[in-house]
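K.L.:
Next come the chains, spelled out residue by residue.
There are 2 protein chains.
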Amino acid sequence: MGGDNAPYAIVKGAEAAWREEIAEPVLVGDEQSIRSLLDAASKIEVVHAPTYVEMREAPSSALRKKRDSSVNKAYELQRAGDVEAVVTAGNSGAAMAFAIFTLGRIQGVERPAIMSFHPNAKGRLSILLDSGGNVDCKPGHLVQFAIMGHVYAKYGMGIESPRVGLLSNGEEETKGNELTREAHALLRGLNINYMGYIEGTDMYNGSTDVVVSDGFVGNVALKLSEGVAEAITTFLKERIGTSFRRKLGYLLLRDVFAELARTVDYSEYGGAPLVGVSGTSIICHGKSNEKAIKNAIAMAKDFAAKKIPEHLSEAMRQYIDSHG
Amino acid sequence: MGGDNAPYAIVKGAEAAWREEIAEPVLVGDEQSIRSLLDAASKIEVVHAPTYVEMREAPSSALRKKRDSSVNKAYELQRAGDVEAVVTAGNSGAAMAFAIFTLGRIQGVERPAIMSFHPNAKGRLSILLDSGGNVDCKPGHLVQFAIMGHVYAKYGMGIESPRVGLLSNGEEETKGNELTREAHALLRGLNINYMGYIEGTDMYNGSTDVVVSDGFVGNVALKLSEGVAEAITTFLKERIGTSFRRKLGYLLLRDVFAELARTVDYSEYGGAPLVGVSGTSIICHGKSNEKAIKNAIAMAKDFAAKKIPEHLSEAMRQYIDSHG
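Line by line, the protein sequences give chains A and B. Residue 279 in this note's numbering is what sits at position 279 of the first sequence, and the numbering runs on without skipping anything. Residue 98 in this note's numbering is what sits at position 98 of the second sequence, and the numbering runs on without skipping anything.
It is worth saying that the hints were derived from the structure and are not from the lab. Just so you know, nobody snuck in bad clues.
Each pair may be met inside one copy or between any two copies, as identical chains are not told apart.
Heads up, simulated DSSO-like pairs for lysine-lysine below, C-alpha to C-alpha not over 30 Å straight-line:
#  : residue 1 : residue 2
1  : K65       : K175
2  : K175      : K287
3  : K122      : K237
4  : K138      : K175
5  : K307      : K43
6  : K122      : K287
7  : K175      : K291
8  : K138      : K154
9  : K154      : K307
10 : K291      : K12
11 : K237      : K247
12 : K306      : K122
13 : K301      : K43
14 : K291      : K237
None of the values given here were measured: they were computed from a predicted structure.
Take the sequences, apply the hints, and build the full model.
P.N.:
In C-alpha cells form, the structure reads like this:
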C-alpha cells in the first residue's frame with residue numbers, strides 16, 4: 001500500500017513477476033483495492049491488512065499504532081514462514097522499524113542498515129551502506145556495516161574478496177572526522193579486505209566494491225548521485241531536440257543513450273536490501289514503477305535463495321568470537 | 001609552488017591572465033624555477049619564498065615550521081596591501097591555516113570555510129559550503145556558513161534574495177542528524193531566505209542557490225559529484241568510438257558534448273573561495289591546469305573588486321548585534 005504509485009505499481013509489478021515466473025508473489029494490503037486492480041487471469045494470493053503506514057508518518061508512531069498495517073502483516077507472514085522475503089515501496093523508516101520488531105535482528109547487529117547499489121565505470125555495481133537508516137552512528141556500527149557489506153558482496157554478488165572502503169573527505173590517514181577516525185582504527189583489525197579511506201570519486205570509478213558510511217552521509221550521497229545523473233541527462237535531452245542535425249546525431253547514438261539511461265535508472269536495480277534483520281527484505285524507492293517492483297521481487301528471490309541472512313549470522317558469530 | 005602541476009601550470013596560468021589583461025599577477029615561490037618557466041616577454045613580478053608546503057604535510061606542522069613558505073609569503077603580501085587577493089593550488093589545509101594566521105578571521109566567524117560552485121540544471125551555479133575545511137562542526141558553525149553563502153550569492157553573484165538550504169537526508173522536519181537538527185532551529189531565526197532541509201538532488205536541480213553542510217559531508221558531496229560526472233562522460237566516450245554509425249552521431253552532436261564537458265569541468269569555474277578570512281583568497285584543485293589557474297585569478301579579481309569580505313564583515317556585525 002506504500003509508495004507514490006501504490007497500490008497500482010505494486011500490483012502490476014507483482015503481476016509481471018508472476019507472469020515471467022520470477023516468483024510467486026503474495027500481495028498484502030487492502031484486499032478490495034488490490035483485487036480491483038488485479039488482472040482476472042492472475043492467480044496471485046492477496047492477504048488483507050486493515051491499515052497502512054502513511055509516507056510521512058513517524059516510524060515510532062507507526063510502530064505503536066499500526067501493528068495491523070500492510071507492511072507489518074507482510075513481516076508477520078515472513079516470520080511465520082509463509083513467505084521467504086518482503087518487498088516494500090512504502091515508508092522506509094517504518095519498514096525498518098517493523099522488520100526489526102517482527103523479524104528481529106541478527107545477533108551482533110545493533111543497527112540494521114539499508115544497502116544501495118551504484119553502477120560504476122567498470123560496468124559493475126558498488127554497494128553503499130548505510131544509505132539511509134541510521135543518521136547518528138557510533139564507530140562500532142560502521143564496523144557492522146562493513147561486515148554486512150562484505151557478506152552481501154561475497155555471497156550475493158559472488159565477489160571472492162570484496163574491497164571495502166570507508167567514505168571520507170580524503171584518502172590520507174590525517175583525514176576523516178571523529179567518527180571515521182575511530183571506525184578506521186577498528187576496521188583495520190577486521191578479517192576482511194579493508195582498503196581504508198576512500199573518496200566520493202572511488203564510489204564510481206570501480207575501485208571499491210563496498211562503500212561504508214553512516215546513514216546521513218550515505219543518504220546524501222545516494223540522492224546527490226541521482227541528482228547529478230538527472231541533471232546530466234536533462235542537459236543532454238534539452239539540447240538534442242533543438243536542430244535537425246542534432247536530432248540525427250541522437251538517432252545514430254540512440255542505443256548509447258538508451259544504455260546510459262538504463263545504467264543510471266534506479267528501477268533497473270530493483271531496490272535496496274534491508275540488512276541485519278533475520279530475513280530478506282527489499283526496500284524500494286517511493287517513486288517505484290512497475291519495473292522497479294518486478295526487479296525488486298527478482299532481487300528478493302535471488303538473495304533469499306542465496307541465504308544471505310544465514311551467511312551474515314555466521315560472519316557475525318565469527319566476529320563476536322574473535323573480538324568479544 | 002603547490003599543486004600537482006606546479007610550478008608550471010601556475011606560471012602559465014598567471015601568464016595567460018596577464019596576457020589577457022585579466023589581472024596583474026605576482027608569482028610567489030622559488031624565484032629561479034619560476035623565472036626559468038616565465039616567458040621572456042612577460043613582465044610578471046616574482047617574489048622569492050625559500051620554502052613551500054608539501055601536499056601531504058599536516059597544516060599544523062606547516063604552520064609551525066613553514067612561515068617562510070610561498071603560500072604564507074603570499075598572504076603576507078596581501079596583509080601588507082601589496083596584492084588584493086591570493087590564489088593557490090597547494091595544500092588547502094595549510095592555505096586555510098596560513099590565511100587565518102596571517103590575514104585573520106572576520107569578526108564573528110569562528111571557522112572560515114571553503115566554498116565550491118556547482119552547475120545546476122537551470123544553467124546557473126549553486127554554492128556549496130563548507131566543502132572541505134571543517135570536518136567536525138557545531139550548529140553555530142553551520143549558521144555562519146549560511147551567512148557567508150548568503151553574502152557571496154548576493155554580492156558576488158548578484159542574486160537579490162539567495163535561497164539557502166541545509167543539506168540533509170530528507171526534507172521533512174523529522175529528518176536530519178543531531179548536528180543538522182540543532183542548526184535547523186538556529187537557521188530559522190536568521191534574517192535570510194532559509195528554505196529548510198534540502199536533499200542531494202536539490203543541489204543540481206536549481207532549486208537552491210546556497211547549500212550548507214559541515215566540511216566532511218560537503219567534501220564527500222563535492223568529490224562524489226565529480227565522480228558521477230566523470231563516470232558518465234567515460235561511459236559515453238568508451239561507447240562512441242566503437243562503430244562508424246556512432247562516430248558519425250558523435251560528430252553531429254559534438255557541440256552538445258563539448259558544452260557538457262565544459263559544464264562539468266571544474267577548471268571552468270577557477271577555484272573555491274576561502275571565506276571568512278579578512279581578504280579574498282581562492283583555493284584551486286590540486287590538479288589545476290593553466291586554464292583553471294587563469295580562471296581562478298579572474299574569480300579572485302572579481303570577488304576582490306566586489307568587496308565581498310567587507311560585505312561579510314557587515315553581515316556578521318548585524319548578526320552579532322541581533323543575536324548577541
